[in-house]
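Colleague: In the order they appear, the protein sequences are chains F and L. Numbered continuously in UniProt numbering, the first sequence closes out at residue 562. Numbered continuously in UniProt numbering, the second sequence closes out at residue 562.
Calculated directly from the structure, the hints in this document are not laboratory data. Just so you know, not all the hints are guaranteed correct.
If several chains are the same, the list does not tell them apart, and a pair holds so long as it fits within one copy or across any two.
Computed cross-link-like contacts, DMTMM-like style, restricted to lysine to aspartate or glutamate with a CA-CA straight-line distance of at most 25 Å [unchecked claim]: (1) K511 <-> E144; (2) K148 <-> E537; (3) K500 <-> E459; (4) K547 <-> E87; (5) K514 <-> D271; (6) K151 <-> D266; (7) K67 <-> E399; (8) K335 <-> E387; (9) K544 <-> D266; (10) K335 <-> D383; (11) K544 <-> D271; (12) K67 <-> E324; (13) K514 <-> D194; (14) K94 <-> D114; (15) K335 <-> E465; (16) K547 <-> D114; (17) K541 <-> D266; (18) K514 <-> E387; (19) K362 <-> D383; (20) K514 <-> E144; (21) K547 <-> D271; (22) K541 <-> D271; (23) K94 <-> E209.
Since the model is a prediction, treat every value here as computed from it, not as a measurement.
Protein chains: 2
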Amino acid sequence: MPPLHRTLPALRRIRLANTRFQTCSRLQTCRSPVYSIAQQSRWQATAAHEAQPTADEGDASKDTPVKEIRYTSESYPQVQRDSRFKELSSDDVKAFRDILGNASSAMVDGLSEDASDDIEGYNADWMKKYRGHARLVLKPSSTEQVSKILKYCNDNSIAVNPQGGNTGLVGGSVPVFDEVIINLSRMSQIRSFDDVSGTLVVDAGVILESADSYLAERGYIFPLDLGAKGSCQIGGNVATNAGGLRLLRYGSLHGNVLGLEAVLPDGTIMDDLTMLRKNNTGYDLKQLFIGGEGTIGIVTGVSIICPQRSPAVNVAYFGLESYEKCQQAFREAKKQLSEILSAFEMMDGNSQLLYSRASGAKLPLESEYPFYCLVETSGSNTDHDSEKLNTFLEHVMGEEIVSDGVVAENETQLQSLWACREGVSEASQHFGGVYKYDLSIPLQELYGIVAECRQRMEEQGLMGEGEDKPVVDVVGYGHMGDSNLHLNVACRRYDKAVEKALEPWVYEWVKERKGSISAEHGLGLAKKEFIGYSRSENMIKLMKQVKDLYDPKGIMNPYKYL
Amino acid sequence: MPPLHRTLPALRRIRLANTRFQTCSRLQTCRSPVYSIAQQSRWQATAAHEAQPTADEGDASKDTPVKEIRYTSESYPQVQRDSRFKELSSDDVKAFRDILGNASSAMVDGLSEDASDDIEGYNADWMKKYRGHARLVLKPSSTEQVSKILKYCNDNSIAVNPQGGNTGLVGGSVPVFDEVIINLSRMSQIRSFDDVSGTLVVDAGVILESADSYLAERGYIFPLDLGAKGSCQIGGNVATNAGGLRLLRYGSLHGNVLGLEAVLPDGTIMDDLTMLRKNNTGYDLKQLFIGGEGTIGIVTGVSIICPQRSPAVNVAYFGLESYEKCQQAFREAKKQLSEILSAFEMMDGNSQLLYSRASGAKLPLESEYPFYCLVETSGSNTDHDSEKLNTFLEHVMGEEIVSDGVVAENETQLQSLWACREGVSEASQHFGGVYKYDLSIPLQELYGIVAECRQRMEEQGLMGEGEDKPVVDVVGYGHMGDSNLHLNVACRRYDKAVEKALEPWVYEWVKERKGSISAEHGLGLAKKEFIGYSRSENMIKLMKQVKDLYDPKGIMNPYKYL
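Bound conformation, chain F alone:
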């Protein structure tokens, strides 16, 4: 497995008053090559903004043909097909054809003919970890078609799997058995944009990056950003309540989504696609569909408030001696950068070494530190923002909160500093595999789990340099500004002993601190069994009540979520 090609960055040191702060130069941007599944050529990244894994051409383990991916039904033998669901017949296909019309793009029909080459890309997720047995993909082009499809499925007890860009991390976007895939990609129109209020209305199938590009031309920005932006769809973002890089600044989709259009299992169209910022007339039902992961209905349209795009963006990267100092730096950043702070990311020293080791990139700072932080500002005035950032940097250096750091001077350097953060996900998978945990933990205790997990692996003799050790390293990084930690256990191979050492230990650790076992990735199939670690029995009971209310036959994205 050859290392990824990178050019070692050379840094130009610039002295600020009383500080050792550097401005980085000639750092090379490190855009990853596109990672493809079957015929699908697109960015395949996480629903949760992490950089997508990349692979060199010759990396066989990552080029596993879809047909060689293990079926989910085999890796989860405890999950059995629900016998209430009807098996598809040619009559069903004919009924769907009547709804969708004869356009070849409207359906992938693996029942009437052998369409396995076309269909497998829809059956498998981008991690090549989950694979279903679907033989039919429907691609409606309108909300009315979605309504007719769901009504037919509900009437006939046919299970369905809603699918957007299929970039999720928890197996929520692909079927387990023979669920009909309802893929929203043909619903890709921007319906309207109001350039005074910033309200954008789109079909669910609009690609996030397309929407953001459309907005950029008009001086606006989509209030959500994530690594998968090139292929994830806004409907899927909403259905999974994607978090991502801009949450610290612009808040969650629960606040930004103004209105939704969604289709319930019985075909009812929930026409709540308001463009109003304020509308206090009744229960805010749309919120149930934000993060509902397609289990109570399919989002077909989204109305969202978009902020002005900031012309000035700065990124700084620095080294710190302890997690306590990371917290101090965050507190100071909030105070001094205040309204222009748009990201505060933390990466531990091991994560940066792993990134450097896997990618061959030299890290931006000359010395090594136990912790690193990346701070981004976005504002309307370049001079003001630079002044604020410099004042902040002088303060944190002067107070010895931060030990060393660099500031990007141009877009290329900015991308390179971000790569040190976003490249960790890729680096974690580089040595063969990775156990990934996406956790919310109160800020004070956020890093504790990484240190303990590392110690645990060492004590159990599972981690080391030798090929006999399954674990390469334990690293922690994430959105410190959102109390969201990514705990990655990079390994040479998947190993039952490692799994046993990790679970349920990780979940118990998080539960004790009242954290969340899934901060932004959702439940899907992967976390379904573990919801009890983050939710009480009462809450789970109330959630099941809602599921039963909207989807009494249980046809929507079955085997997942609750």
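We have chain F already, so just place chain L on it with the hints.
Modeller: Relative to chain F, chain L alone:
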């Protein structure tokens, strides 16, 4: 009815480059006297941030004793007591006493003794427009007590009326018949605050201003502000999804509330009081209680993310020649003030004349204009903010978008400029009465309804200077930044002909533009019948489904909402 005392402001004109911009000086602050109901001494203002009405000592019409306020059951004869609900007995009082203990502050018992003097303040709203027949007020001091009370009421079909600060505008916070009032004021503890993340956890009964003062001492701000802050409670703010003055900057409660603790009618405690910014583990049920107006449960605890407090605040007030120019100014403010813009309010010329006429205050600008706007910035750096604001002002003056304007130089002037906006509500009621509409309308058409309404009143001969004309003036103002218009028809007396000319015409006008008939005031009793103008039959049906799910016996805040 004497005019309110005010000192005429004298303005010091300051020339900016190429502009006629002024800095105001010696504007006098105009804090309104406290308006009291019965024995209750507190700020009595709207749940929706409007300045509370004030009255001179001698203003008899506003000093109507509570016992002279007409019962809601008389003003709404079509609303009949639901016979399913049990009438209270002494056994019920004893049961509640067992739950609450013997503290005299825990109960106002109008069944066992004559407590009418004590109880009437809880029966009537601050507008003195709604009055119920409750004979029992329960004041639990813990979530467990709320749970036991509701379980008892549900088991015995006893209707309840949850009550916070009782500052609402739509009759939602007082009973109609003999519902038991569950008042949250004794649950008033701040439970915790994390000064790194800014997460505040409070009992529902904490007064908004108390929470904000607590936060101010720690450099934080509550992300909601409204005129009633001195008496409204955070639980009530959440239950009514209060909007207010900071929504443009910090977004809605749907985005800021991180967790809720609420009690369902059957006594189930919904323990969703997470302090996590991100938690994607299941349906976000708490959202149903935000804006649920106490109809499916009682909010007992709130966890909310609070932003850093901005040390620099600026306010500018200017005159414009048309509504089109207001929109241009708003667009420029969003672009140039961007991250520091914290309010953009619009007041039409008539609203400012009415304010001046009612209050005796001289307006800040020497000439009269058909429109005025108030712009507020909040940021972390005084110099930067002033520079941004001046650049913006020079631009809008240079481009002749704005005709004239003033900028506050100190806190007193800042308050005085805000008074021109907040004083309109009071001024509208000054001449005897007011028909108030709180509307969301797409920005382009926002002002159209005011012009048409004015014309309508004139054409029907209802408006004029003579005492025989019921209508004094029609004015429009509001949160332009949120597309939220307050349409006020100031009148000398309430008159059936005026009412007939206004309704359902206003609601139809709003419906045609896909607006909302209640942007931030909620439904309560006042708007219950009109929800169909802003929501489709499908949506109302789905909402009723949720109501039936959580409150099958209908005991929660009956006769209101849906």
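Colleague: Look at each hint and say if it fits the structure.
Modeller: How the hints compare with the structure:
no. : hint          : verdict
1   : K511 <-> E144 : between (43 Å within a copy, 23 Å between copies)
2   : K148 <-> E537 : between (36 Å within a copy, 19 Å between copies)
3   : K500 <-> E459 : within (14 Å within a copy, 81 Å between copies)
4   : K547 <-> E87  : within (23 Å within a copy, 36 Å between copies)
5   : K514 <-> D271 : between (36 Å within a copy, 12 Å between copies)
6   : K151 <-> D266 : within (5 Å within a copy, 34 Å between copies)
7   : K67 <-> E399  : neither (57 Å within a copy, 64 Å between copies)
8   : K335 <-> E387 : both (14 Å within a copy, 20 Å between copies)
9   : K544 <-> D266 : both (18 Å within a copy, 17 Å between copies)
10  : K335 <-> D383 : both (19 Å within a copy, 16 Å between copies)
11  : K544 <-> D271 : both (24 Å within a copy, 15 Å between copies)
12  : K67 <-> E324  : neither (48 Å within a copy, 60 Å between copies)
13  : K514 <-> D194 : between (41 Å within a copy, 14 Å between copies)
14  : K94 <-> D114  : within (17 Å within a copy, 74 Å between copies)
15  : K335 <-> E465 : neither (42 Å within a copy, 54 Å between copies)
16  : K547 <-> D114 : neither (35 Å within a copy, 49 Å between copies)
17  : K541 <-> D266 : both (23 Å within a copy, 14 Å between copies)
18  : K514 <-> E387 : neither (39 Å within a copy, 45 Å between copies)
19  : K362 <-> D383 : neither (30 Å within a copy, 39 Å between copies)
20  : K514 <-> E144 : between (43 Å within a copy, 21 Å between copies)
21  : K547 <-> D271 : both (19 Å within a copy, 19 Å between copies)
22  : K541 <-> D271 : between (28 Å within a copy, 12 Å between copies)
23  : K94 <-> E209  : neither (35 Å within a copy, 63 Å between copies)
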